[in-house]
Amino acid sequence: MDLKAQTFTLEGVAASLLILIATYTIFQSTVVMSPSWSEFNNIQLKQLGYDILRVLDNPEGGNSSLRGFIDNLTCSDGRYFAPAEFSSNLSAILDSLHTSGRVELIWVNESRIETAVLSNFSKIPTPNAVRVSRFVVSSNDCLPNAMVVEVRLTLWR
Amino acid sequence: MEDGKLSLDLLMGLSIFLFTFIFVANFLPGVFADVRNEISLANQAYRISALLVEDPGYNSTWFMDINPDNCRGEEYRPGLASYVNDTTTVFNELEIGKIEKLAELLSIPDCRERVKFLLGLNLSEMGGQTFKFNVSLRNLSGELITKDGNVLLNHGDILPNHGDIIYPGQIVKFERIVYLSQMVDNCHIIAERCVAKLEVVVWI
Chain R
1 MDLKAQTFTL
11 EGVAASLLIL
21 IATYTIFQST
31 VVMSPSWSEF
41 NNIQLKQLGY
51 DILRVLDNPE
61 GGNSSLRGFI
71 DNLTCSDGRY
81 FAPAEFSSNL
91 SAILDSLHTS
101 GRVELIWVNE
111 SRIETAVLSN
121 FSKIPTPNAV
131 RVSRFVVSSN
141 DCLPNAMVVE
151 VRLTLWR
Chain W
1 MEDGKLSLDL
11 LMGLSIFLFT
21 FIFVANFLPG
31 VFADVRNEIS
41 LANQAYRISA
51 LLVEDPGYNS
61 TWFMDINPDN
71 CRGEEYRPGL
81 ASYVNDTTTV
91 FNELEIGKIE
101 KLAELLSIPD
111 CRERVKFLLG
121 LNLSEMGGQT
131 FKFNVSLRNL
141 SGELITKDGN
151 VLLNHGDILP
161 NHGDIIYPGQ
171 IVKFERIVYL
181 SQMVDNCHII
191 AERCVAKLEV
201 VVWI
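Quick note, the sequences are listed as chains R and W, same order. Those letters in the first sequence? Residues 1 to 157, per the numbering used here, in order. Those letters in the second sequence? Residues 1 to 204, per the numbering used here, in order.
What the hints contain is simulated information worked out from the structure, not anything from laboratory work. Where hints are given, some of them may not hold.
Below, a list of computed lysine-lysine pairs in the DSSO-like style, where the Cα atoms sit at most 27 Å apart [said to hold, decoys possible]:
id, chain 1, residue 1, chain 2, residue 2
1, W, K132, R, K46
2, W, K173, W, K132
3, W, K116, W, K132
4, W, K173, W, K147
5, W, K173, W, K116
6, R, K46, W, K173
Produce the entire structure from the sequences given, and follow the hints as far as they go.
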């Protein structure tokens, strides 16, 4: 009877036990590596974006409000210009937060979804940018057939 | 005569390896013990800012009912959001009266500890962690908001990094853009609103 192969079997058993013990120890350990830690910057930026749009959405806010700037939007040669008051106020907010921003308007024109980018806020965002939106009931000749406009703010640092 | 199937060398080597591996695996969580509590700092800062900015507090007249004499005995929860017509919370609109009341409570040590307990920053009674926090209102230029010449809100525990003191741990700040229910000295007027920045700082 040839007994030479039994050592390999025993080693195989030992190896599988080792892997089992290692896997069990790793999964039952209580090391906490919170995944949200790296997303904190995104959460902060996104919350600031929601806050900015909420603060600007004042029905009595004149040209600086969301509705006011859409009502008084001007356009030429495919470029869209918000009132100077809105641009300077939004720039002041973004500068104080050390953030860059891009503002887009999206509306439905008959069966198509149209997009317009505000000229003063038309930079290309970085890959880690966050995006927030708010819907405004407004219309403007520059936005044909628009009744409800989505104001989309993209923020990045 | 048959030889042994497992050599002594193999058994000893395996034992030493397993012993070392299990030792390291069991004590690895301890390596992160110092930072584990700090991982939740960001969550606390976000939660406190949401409570202050998006909740009018409990009950809705807490800022009129609570004063330094009863701040420890009464059940309440501070919140700064405006509450209109007894039905509607106006998110991000902070009531000046509530801000002033919160500042008053945070300036008294006993009331400050009670407020921290009610905001969920003191979980020691339940075997949890205790956090320190500071809350301030600033304008978009970074200056503290003042009303009638007095700082409106820059209260809580003393920030750890001040003067020559360097704090070795984590400090987390969460900012919110808000507007105030009344005009004050130095806020930025945007869209006919008195816009400010609420900063919540949390540390251990």
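Here is what the structure says about each hint:
| no. | hint | result |
| --- | --- | --- |
| 1 | W:K132 to R:K46 | holds, 25 Å |
| 2 | W:K173 to W:K132 | holds, 12 Å |
| 3 | W:K116 to W:K132 | holds, 8 Å |
| 4 | W:K173 to W:K147 | holds, 24 Å |
| 5 | W:K173 to W:K116 | holds, 17 Å |
| 6 | R:K46 to W:K173 | holds, 15 Å |
Checked against the numbered hints above, the structure breaks none of them.
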